[in-house]
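Enquirer: Mapping to UniProt numbering: the sequence shown position 9 is 9, numbers consecutive.
No wet-lab data here; the hints were simulated from the structure.
Quick caveat, the model's predicted, so the values are computed rather than measured.
Even glycine gets a Cβ: it sits at the ideal position worked out from N, Cα and C.
It is possible that some hints are incorrect.
What the hints assert, rightly or not - Capping the alpha-carbon separation at 27 angstroms, the derived lysine-lysine pairs in DSSO-like fashion look like this:
{"hint": "1", "residue 1": "K160", "residue 2": "K147"}
{"hint": "2", "residue 1": "K37", "residue 2": "K160"}
{"hint": "3", "residue 1": "K52", "residue 2": "K37"}
{"hint": "4", "residue 1": "K52", "residue 2": "K69"}
Said to hold, decoys possible - Beta-carbon label-pair distances, calculated as ranges:
{"hint": "5", "residue 1": "G96", "residue 2": "R55", "range": "50 to 58 angstroms"}
{"hint": "6", "residue 1": "Q61", "residue 2": "E164", "range": "38 to 46 angstroms"}
{"hint": "7", "residue 1": "G136", "residue 2": "P157", "range": "18 to 26 angstroms"}
{"hint": "8", "residue 1": "G136", "residue 2": "D49", "range": "51 to 59 angstroms"}
{"hint": "9", "residue 1": "Q35", "residue 2": "H75", "range": "55 to 63 angstroms"}
{"hint": "10", "residue 1": "V131", "residue 2": "M89", "range": "20 to 28 angstroms"}
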Amino acid sequence: MSPKINPSDAATPSGPQTPEEVATLLGNVERDITQIKADVDQLMQPLVDALKRNRYFDEMQTQLRSAQKVARAWHDWPLITGIHEAVLMLRSNPQGADRYLLEHLESLIFQAGVTEYGLVGEIVDIEEVEVVAVTGNGDRFVVSQCKRPGLRIETVPLRKPIVEITRETQIAP
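Work out the full structure: start from the sequences and follow the hints.
Expert: Next up, the structure:
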């Protein structure tokens with residue numbers, strides 16, 4: 001059974017009736033909005049500072065991981081270069097090389113975070129390679145022949161490549 005509605009109750013507005021009540025209500029709303037703005041302003045700066053600290057922490061963590069990789073590679077340098085020598089020997093005799101052994105040894109090097117550089121076609125920094133021959137006369141140093149690839153971790157060279165260089169002039173786009 002539903003309750004009976006008095007028709008005179010339905011016509012009564014539920015909001016403020018007089019201009020004074022409207023003014024009071026608007027004053028309360030304005031005060032509430034001002035308080036909310038003050039609360040947000042009070043919370044915003046610590047929040048921004050915390051986000052900056054988190055970003056700074058993330059950047060520091062990334063740099064630390066990178067430094068750890070480099071330190072580990074330098075620690076394992078004799079082992080890594082020995083494995084790299086074995087890889088180069090296997091590559092020099094492709095018919096007699098065990099393909100799976102070669103892939104496994106290459107993966108050991110790359111899992112350590114070490115990459116080869118100084119390969120044919122790469123633009124190199126002349127200070128980071130051992131040059132046996134140079135042709136051309138430009139401002140870019142491009143590897144034309146690789147006698148032995150180098151090794152690096154991140155941007156740090158562990159072992160310089162032995163290469164022949166072609167100097168090329170950089171063409172403006």
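Enquirer: Now, for every hint given, state plainly whether the structure supports it.
Expert: Verification of the supplied hints:
Distance restraint check for K160 and K147: the Cα-Cα separation of roughly 11 angstroms lies within the 27 angstroms cut-off, and the hinted pair is therefore satisfied. For the suggested pair K37 and K160, the alpha carbons sit about 61 angstroms apart, so the restraint of at most 27 angstroms is broken. Between K52 and K37 the CA atoms are separated by roughly 22 angstroms; this keeps the pair inside 27 angstroms, and the hint holds. Restraint check for K52 and K69: the C-alpha separation of about 26 angstroms stays at or below 27 angstroms, so the hint holds.
Taken as a hint, the range 50 to 58 angstroms holds for the pair G96 and R55, whose Cβ atoms sit roughly 53 angstroms apart. Between Q61 and E164, the C-beta spacing of about 41 angstroms keeps the proposed range 38 to 46 angstroms intact. The given range of 18 to 26 angstroms is respected by G136 and P157, whose C-beta atoms sit roughly 23 angstroms from each other. At about 55 angstroms, the CB distance of G136 to D49 agrees with the hint of 51 to 59 angstroms.
Checked against the hint of 55 to 63 angstroms, the pair Q35 and H75 passes, with Cβ atoms roughly 59 angstroms apart. Under the hint 20 to 28 angstroms, the C-beta atoms of V131 and M89, about 23 angstroms apart, fit the expected range.
Hint violations for this structure: number 2 only, all remaining hints satisfied.
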